[in-house]
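Please take these sequences and the hints and turn them into a complete structure.
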Amino acid sequence: MSLDVTKIRGDFPILARTVRGGRPLVYLDSGATAQRPRQVLDAERSFLEQHNAAVHRGAHQLAEEATDAYESARARIAAFVGADPGEVVFTKNATEGINLVAYALSNASSGCNAAGFPGAERFEIAAGDEIVVTGLEHHANLVPWQELCRRTGAVLKWFEVGEDGRLDLDSDPITPRTKIVAFAHQSNVLGTVLPVEELVRRARAVGALVLLDACQSVPHMPVNLTELGVDFAVFSGHKMLGPSGVGVLYGRAELLAAMPPFLTGGSMIEMVRMEGSTYAPPPQRFEAGVPMTSQAVGLAAAVDYLGEIGMDVVHAHELELTALAIEGLSAIPGVRILGPTTTEDRGGAVAFVVDGVHAHDVGQVLDDRGVAIRVGHHCAWPLHRRFGVAATVRASFHVYNTPDEVTALVQGVQAAREFFGVS
Amino acid sequence: MQLEQMYQEIILDHYRTPHGAGLREPYDAESMQINPTCGDEITLRVKLDGDTVAEVSHETLGCSISQASASVLTDLVVGRSVEDSLRILGAFQEMAQGRGKVEPDEDVLGDGVAFAGVAKYPARVKCALLGWMAFKDAVIRSERSDSQEATA
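Chains as they are written, first to last, in the working numbering: chain A, 13 to 435; chain B, 68 to 219.
There could be a bad hint or two in this list.
Facing chain A, from chain B, some residues (calculated, C-beta under 8 angstroms) [claimed, not checked]: (1) Leu70; (2) Met73; (3) Ile77; (4) Cys105; (5) Asp107; (6) Thr110; (7) Cys130; (8) Gly167.
Just so you know, the hints here were simulated from the structure itself, not pulled from any lab data. Backbone N, C-alpha and C fix where the C-beta goes; we use that ideal spot for every residue, glycine too.
Following this line, the structure appears as structure tokens:
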């Protein structure tokens, strides 16, 4: 199936606007947040106009309809990533999903497993145990593990990143004391797709859990979490044409069943007495309080939208744009791309530096031409340090971007070099 | 083109040949400031001679705006009293955070008025202020170490 980008762009009202004095918007920052099609906006609006109520409480008709909409959203999103509905926990965002797991692990440790879920000892972390991440993680998949180590006395270790932007598999720090291996499916900076199968195999060999940060993969390529064999995965709605304020934590059913809760309160209980409480089965155990509802409905509309196009088509389109960007940017003297310079095991994020022009200044020239990209460290400061740069420029694509927009990017970078007198 | 409003020739000149660049000894206090949104950093040293700012030196890893701003700062405060320099800082900060609505006083800010255009871009205000925050912090530190010496 071929992609009719013009038709797709018609679904995204924001792409028709102009910026900075009448220039057409060239939106190349979907890695930070993607734009939303009318179908998603309509789904949210129609839910709020017709069915809004607090879910999983109340017996009136709206409460029933809202609960149905919420649970139908869960089922559709689960199917989109090859999971069962019971394995999908709605969170505020992916960051909260990772924190949920990190806190559940420390709640299972230090004798806190008050609810006594059978099998919860699986999650216990003791002083001297090890948590393994990689050198290319987003802060969201790094800081919560640093904090878990601080709380438990565990030690953080990491895979190094090679000069080519690929994981250095020889720097493997996994040992029999490794309790969890957490890594990005695709780097939000370099675009590198990590060898999930190999990392899962190595983690399994020592009995460690695996958490996959799928924020940059699920929105852009076909992902089947069950087939990947990971224990946990997270992704966020706003990067996949859906609303902000909703993210997903995937957990294998047997693990979620044994895992103690993170946030506690209403909705997640089984029985409450003054002396103590017992907790609901997953996924409710991990969804304390009235959850986001129109956002979940909107996210389901987004996966319907993406599913209709086909994730293989989305991915192929983005790789085509990535190849054009790599080719165009590489041809400019003084431009250095960080990360893989082929489309093999890669996604549509392209980070680069321009000799003699700071990323912020490149970004300003691009912005002046209507081209929206990201500048800075993209919440991956250690990765930037590893490459010896304070900041990079990052262009990132989604299904609605066009080859002409890549040309606008390349021309803008050339213009920045001219403006700052380095060409 | 709106770009020239931000990157005025004065700013580009200071960026290409920054004043006060390169850390110097001796100094009374040093401050390192980081812009956490982009990772840019400045290390700035201040040497006081009594109540006068005798020398400012800095090392800036940052964009043209942050480098030019540290350069202009050096010109504006060296040779002034601490009180005067903090008054200039106040005026610069007011302009930078004024969303382009604060009319800068060239008598007070000198080349600093060139940053009025930056004030229209909220994301870049921090870049323009990075060096000034380091200066303020360094002055406070040097005064603190002075008072510690006096009581010792």
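Consistency of the hints with the structure:
1. A hinted interface residue such as B/Leu70 counts as satisfied when its beta carbon comes closer than 8 angstroms to some beta carbon of chain A; here the least separation is about 5 angstroms, so the hint holds.
2. Interface restraint check for B/Met73: the shortest CB-CB distance to chain A comes to about 7 angstroms, inside 8 angstroms, so the restraint holds.
3. With a least beta-carbon distance of about 15 angstroms to chain A, the hint placing B/Ile77 at the interface is violated under the 8 angstroms criterion.
4. Against a cut-off of 8 angstroms between C-beta atoms, the interface hint on B/Cys105 holds, since the closest Cβ of chain A lies about 4 angstroms away.
5. Taking 8 angstroms as the C-beta cut-off, the interface hint given for B/Asp107 holds, the closest approach to chain A being about 6 angstroms.
6. Annotation: B/Thr110 was flagged as interfacial toward chain A, and the flag is violated, the nearest CB pair being 13 angstroms apart, outside 8 angstroms.
7. Given the 8 angstroms rule on beta carbons, the hint for B/Cys130 holds: about 4 angstroms separates it from the nearest Cβ of chain A.
8. Look at B/Gly167: its Cβ only gets to about 14 angstroms from chain A, farther than 8 angstroms, so that hint breaks.
Figure legend: structure checked against the earlier numbered hints; hints not met, in rising order: 3, 6, 8.
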